[in-house]
Structures are given as C-alpha cells and as structure tokens.
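> So the protein sequences, as listed, match chains A and B.
First residue of the first sequence: 1, per the numbering used here; consecutive thereafter.
First residue of the second sequence: 1, per the numbering used here; consecutive thereafter.
Careful, some of the hints might be misleading.
[Claimed, not checked] Chain A side only, calculated, beta carbon under 10 angstroms to chain B, not exhaustive: (1) D33; (2) I34; (3) D144; (4) V171; (5) R281.
[As the list claims (entries may be wrong)] Subject to a maximum C-alpha distance of 27 angstroms in a straight line, what follows is the list of computed DSS-like cross-link-like pairs (lysine-lysine): (6) K112(A) / K302(B); (7) K154(B) / K112(A); (8) K348(B) / K60(A); (9) K358(A) / K60(B); (10) K263(B) / K263(A); (11) K112(B) / K302(A); (12) K154(B) / K237(A); (13) K348(B) / K302(A); (14) K302(B) / K154(A); (15) K263(B) / K302(B).
No wet-lab data here; the hints were simulated from the structure.
Ideal Cβ placement from N, Cα and C applies to all residues, glycine included.
There are 2 protein chains.
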Amino acid sequence: MKVLILGGNGYLGQATAEYLRANGFQVTSIDSDIKSTWMKQMGVSPLIEPEVDYDIGDAKFLREEYYAGIDAVVHYAEQPSAPFSMYTDKAGFDTVYNNITTTLDIILNVRKVNPACHIVKLGTMGEYGTPGVDIPEGYFTYHDRGGEDVVRSKRMLFPKQPGSLYHTTKVMDSDMIEFGCRVWGLKATDLHQGVVYGSETDEMRVTRFYYDAVFGTVLNRFVVQAAMGMPLTVYGKGGQTRGYLNIRDTLQCVRLAIENPPKQGEYRVLNQFTQTFSVQRLAEIVKRVTGANITSIPNPRKEMEDHYYWASNEGFKQLGLRPHLLDDSVIEQMVELAKLYADRVDEKRIRPEVRWVK
Amino acid sequence: MKVLILGGNGYLGQATAEYLRANGFQVTSIDSDIKSTWMKQMGVSPLIEPEVDYDIGDAKFLREEYYAGIDAVVHYAEQPSAPFSMYTDKAGFDTVYNNITTTLDIILNVRKVNPACHIVKLGTMGEYGTPGVDIPEGYFTYHDRGGEDVVRSKRMLFPKQPGSLYHTTKVMDSDMIEFGCRVWGLKATDLHQGVVYGSETDEMRVTRFYYDAVFGTVLNRFVVQAAMGMPLTVYGKGGQTRGYLNIRDTLQCVRLAIENPPKQGEYRVLNQFTQTFSVQRLAEIVKRVTGANITSIPNPRKEMEDHYYWASNEGFKQLGLRPHLLDDSVIEQMVELAKLYADRVDEKRIRPEVRWVK
Numbered sequence: 001m002k003v004l005i006l007g008g009n010g011y012l013g014q015a016t017a018e019y020l021r022a023n024g025f026q027v028t029s030i031d032s033d034i035k036s037t038w039m040k041q042m043g044v045s046p047l048i049e050p051e052v053d054y055d056i057g058d059a060k061f062l063r064e065e066y067y068a069g070i071d072a073v074v075h076y077a078e079q080p081s082a083p084f085s086m087y088t089d090k091a092g093f094d095t096v097y098n099n100i101t102t103t104l105d106i107i108l109n110v111r112k113v114n115p116a117c118h119i120v121k122l123g124t125m126g127e128y129g130t131p132g133v134d135i136p137e138g139y140f141t142y143h144d145r146g147g148e149d150v151v152r153s154k155r156m157l158f159p160k161q162p163g164s165l166y167h168t169t170k171v172m173d174s175d176m177i178e179f180g181c182r183v184w185g186l187k188a189t190d191l192h193q194g195v196v197y198g199s200e201t202d203e204m205r206v207t208r209f210y211y212d213a214v215f216g217t218v219l220n221r222f223v224v225q226a227a228m229g230m231p232l233t234v235y236g237k238g239g240q241t242r243g244y245l246n247i248r249d250t251l252q253c254v255r256l257a258i259e260n261p262p263k264q265g266e267y268r269v270l271n272q273f274t275q276t277f278s279v280q281r282l283a284e285i286v287k288r289v290t291g292a293n294i295t296s297i298p299n300p301r302k303e304m305e306d307h308y309y310w311a312s313n314e315g316f317k318q319l320g321l322r323p324h325l326l327d328d329s330v331i332e333q334m335v336e337l338a339k340l341y342a343d344r345v346d347e348k349r350i351r352p353e354v355r356w357v358k
Numbered sequence: 001m002k003v004l005i006l007g008g009n010g011y012l013g014q015a016t017a018e019y020l021r022a023n024g025f026q027v028t029s030i031d032s033d034i035k036s037t038w039m040k041q042m043g044v045s046p047l048i049e050p051e052v053d054y055d056i057g058d059a060k061f062l063r064e065e066y067y068a069g070i071d072a073v074v075h076y077a078e079q080p081s082a083p084f085s086m087y088t089d090k091a092g093f094d095t096v097y098n099n100i101t102t103t104l105d106i107i108l109n110v111r112k113v114n115p116a117c118h119i120v121k122l123g124t125m126g127e128y129g130t131p132g133v134d135i136p137e138g139y140f141t142y143h144d145r146g147g148e149d150v151v152r153s154k155r156m157l158f159p160k161q162p163g164s165l166y167h168t169t170k171v172m173d174s175d176m177i178e179f180g181c182r183v184w185g186l187k188a189t190d191l192h193q194g195v196v197y198g199s200e201t202d203e204m205r206v207t208r209f210y211y212d213a214v215f216g217t218v219l220n221r222f223v224v225q226a227a228m229g230m231p232l233t234v235y236g237k238g239g240q241t242r243g244y245l246n247i248r249d250t251l252q253c254v255r256l257a258i259e260n261p262p263k264q265g266e267y268r269v270l271n272q273f274t275q276t277f278s279v280q281r282l283a284e285i286v287k288r289v290t291g292a293n294i295t296s297i298p299n300p301r302k303e304m305e306d307h308y309y310w311a312s313n314e315g316f317k318q319l320g321l322r323p324h325l326l327d328d329s330v331i332e333q334m335v336e337l338a339k340l341y342a343d344r345v346d347e348k349r350i351r352p353e354v355r356w357v358k
C-alpha cells in the first residue's frame, strides 16, 4: 500500500515511516522541520536525534501531487506540546494556525485529488479530558427527553473537554475531519492516542527521544530523571490518570488502521492505548525498578489531580492488536539508554516553566 | 456599559451598534470591511448599504487597548456565509482562517487585558445541525453505562453536526471559547442564533440588506423574489426546518445577554430564535401575503429535506425576551422596501451556484 506520512521527522513520524517501510509499504515521508524552530524558542533539544529519510515539505501547503494514488495519509504534522501551546500568545497562535491549516489542507487535497484516500489522524485521548464518566470510543447514543411521548435516539460524538490549547486544536481538527466525512464523503480514522513511551522499535535501535518538560512525555521524563540520579517530579497529587502505550503499539495501531480502513463516508474513532496509570503509579514503578526518589512539585497545569478515569479501547482489541504492556525490562532499557546520553541532558529543562493560569 | 463590537459594519453589527448607542451604551464598533472583498469575489452586492459609525480595524489582530475597560465584546467578525465557505478551496480556507484567528485573538486579548470582559459570540443554531432529536440549550446530562454498578453523570455540551465548512468554524470557535472559560476562567455567552429576517429596527429605517444566494438569508431572499414578480425558489422538498427570529429580537437578545452576564468562568449557551419554520412553510406565508408563486429547484446543499426538528429556547424566555413574531406586516414592509430598490436587484444572483458536493 502507498502511504504519505506528514510530520515524518518526529518521535512517532520517524518510527512509523521506518516500520511501514520495513513491512512492505511504499512510504513518502514529509516534514517541514518547523518543530526545530519551536524547540529553539523553548530552549530545548532532543536527547537523541536519529536521521531517517524524509522530504522537506510544509504539510500546510503541500502540492496536490503528493495525494495522487496513495491509500492513506498519516497526519502527525502538528505542534504536539500542551505546554508549548500555553507558553505565550504567539506560541498559542502558532499552535492553532499550524494544526488547523495543516488539517484543512489535508481534507481539501484528499477531496480534490483522491477522495478514496484514507485519512489517518493522530488525535489524542486528551480530547476527551477527564469527564468523570466512562469514556466510550468516540460515539455514544443520545436519548432525548421525549416530547410527544416519543423518545428519539441518535448515535453522536461524545463531547470533548480538552485541557490545553493544543488539545483544543485536536478537537477542532476532529470537527473538520468529521465534517469532511459526513458531508464530502471522505473516510477517516481518528486515533485518540494515549501517552506514548519507549525508545526502541524493531526498526530503530534508538528512536527520537525528548525528555524536557515541553516536548517530553511523562514516562520518558521519569527514566531520564532516574538515570541522572534526580528525583522523579510528580505534578501535585499525582492522581492524574491517563491511557498509555508503548511506541511499538503506536506503530501496530497505525498499521492496523491503514489495513482495515473505514468505509467511504465514515468517520471512525479508535481509542489508542493499552493500559491506564496515574502519574504517581508510574513514578512508583520507575522507583521500584531504579531506586529513584519521588518528589511532588506544584502542578503548572489546571487539571484534576484525583479523579475517576475509565475509557474503552475495544476497537483495537477487535482489530487484533497485541499489546506490549509496560514491564521492568522496558524501563531498564530506557534508563540504560538515558545513561548513554547523560552528557546531553540539561536538568533545568525537565522543570516545568509554563503555567496554565498566570 | 462599554461595549466593543467586532464586525460592526455588517447586517447585524450595524443594527446592534445603533441600537446599543440609542439605549445608552458606550459603543466602539470595528470592521475590517473584508466582507466587501468576499462579496466582490462572489460577484454580489448588498441591496441596501446604510452608513454607520465604525472604525476600520482588523479584529484578527486588534490592538490590546480596545479591550481595556470594556464590559463586553460582541463578536460578529466572521465570514458568515455557508455557500461562500463551500465555494472554492481558497474561500473555504479564508473562512477557516478568518473565523478561527479572530476568535482566538479575542480570547487571548480578553485574558491578557481584561479577564472580566464578557465575550458575547454570535454563534448559530446551525452548529447543532438537524440531529433528529430534541436540541437542548447547549448542555445535557450524560449518564454512563455504569461499570462497578455505579452510573456516573456529567453535564456536558451537546454534540454538534455542522452542515457546512462555515458552520464547522462556528463549532471550532465554540471549542476555543469554552476552553477559555473552563481553563482560563473567562466568561462568555455563545448565542446559537437562528436565521434572521427583517429590514427595519427602531434606530434604522432600513438596515443593511442582502438578497443574494450567498449572503442573503432565506426570508429576505423570498421577499425580494416576491417584489420582483419572481417565483419563490425552494431548495428541494422544502422540509428543511430551522429556528428564525426578527432582527429586532437579535438586538434585544444581545442586550439581554450583555445586561445579564454569566459568572466568571462560565461558558453559557443561549439558543437565540423565536419560532421554527420549514422553508416550504415560509414560502407559503410569503405566497399568501404577496401572491407570489413557489417553485422547487435542485438543492445545492447536502442536507435533510424532511426531518424532525425541535430545539429549546427557554433561556431568553427566562431573561424576559419579548418576541416580535413573524406577521404579515413585516413581510409587507419588506416587500415595499425591496420594490423601492428593485433597480438594484440582479436576478441571477438569487440562483444558487455553489454546490456542497461537486
């Protein structure tokens, strides 16, 4: 199958391109490298930067030819950091502008050039927020109050409560893509992904790896702290509970989505995570494996620190996902890797400096 | 009270500015006049163009000083036409870009300069679409399936099903404003407005008036057709049912919203319409008053033409709205006006030329 990857030089974009190439897909990978500008603005840099094949191109204004003849476009071309989006007005504007125009460009090009092309959008479980009720897989059935003694029912999208401006852009992307499917007859899978961890895939001995408070995900940060002999910094009470998955399962999920497309006109939502953890629980696991201490620091975010959380992830089970669950060996391998690159770690960059409410 | 109106040179912006000024409000009105560019692109022009006081300014990039010391900002600064947004890729992009960046600029400025300022956003009943179930006033209570024998409940925003790219931008605006209230503690009223008709207010003997298929609303179009001795063109079966209101009630509603602000941190939704009609029913009313014929033409839109429709409008009843219901005299007055300006009517511009699906 022919696949176009947008945002092909990021943590997930690189690994996805290499994985799909190794598994017989014809892959064109594009990245504008604008993220390096955003990282400079924040004074951070990746711990590890492997080089992979990709073309320089701006997914916001991509030539139509890229969409001709492809089976799927995988959309990673977004500003992916919640703290970056909450940093300054300009950073917030840049996040909205980049993410919205990129997504719009994709649906306009697919509609014009190749309406059968499957749009695979990397969304986030963070679109749902933490509503305090069971989170279904995208849809639920609404029953109205029943005027005229009739209760009417409708399958509808579950409401969203994004917790940052970045997460809000992902909700807005979903709005546009769902519209494109419902009205223009496109087909899309919206992968509501949990927090990804891991630094290794079958194809990449080391993946691109961020450890800083802006672009790093929480488990990756914890293992770097453990490797450096620093305490693991939990924000507030640490009861923040989210879905998580190994980067190997991100790759599997994207492939399963591509190989099992929705029908034309369908907007499909798949919740993409394998386990749920609280931040405190993750810290305790890393502590058990590495002996690191845990410390609580003031929470820079506005979020609940102790709450109910349950979400469905039935869709990928039915598609045959074989999860790589979090075990000690994953953490040990990541800590070893972080120690190898210890001279590149800037400890100050792990401390959160962007506050949700000033 | 001090009010900033963005989009102050449009059909509703002009009338709102004049009404609030006449009622003792201190009004600053801003418009970039970008709509005249959009109208040129579509080859259309207003039937009537009164002149009112406003400053030229781009609400997308407005100086912060405009937000200092105001009680409310009324946000009309959007590309307001569904057909325009579905015309070309460029028109769609311009719609998304204008509407999203304008709304974002407002919430960023309010947060920075004046967080107590009440954001009054003109949204649309079209955000809800025609879901086939009773439409509540913004919120409903979600009950989950009850793992652990407990059914959890949560007040959530009713899901949206916008029917054009324009309507999708209004949903995306709502996402950003709701986020600004929930996370940044701003306060906003999102007026989900029905289709407005009318050409006269207490302050303006004639309002700005569009009759074309792109920027004109349906009843205004019908009366111009009746005045010209043309048949009233109903799209398809004509069973499309929507909420409607007289422009005088738009003014009352905006004022009631401003004078009764939500509390800090609240995102309030008010459904702003007074009656519901199907398009066929509206045509029959105009036919009865004027003797015009009715003809059906192919529907350029992708929409249901025969469907259940019921929506709550309790909020404004409770705030004391005194509706101006549609009666024959309103139609007679509008037809008289259209006859006065008959030499400016270009009949070709009433025919819909933008199709939802090519």
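> Any of the earlier hints contradicted here, and which numbers?
1, 2, 5, 7, 8, 10, 13, 15
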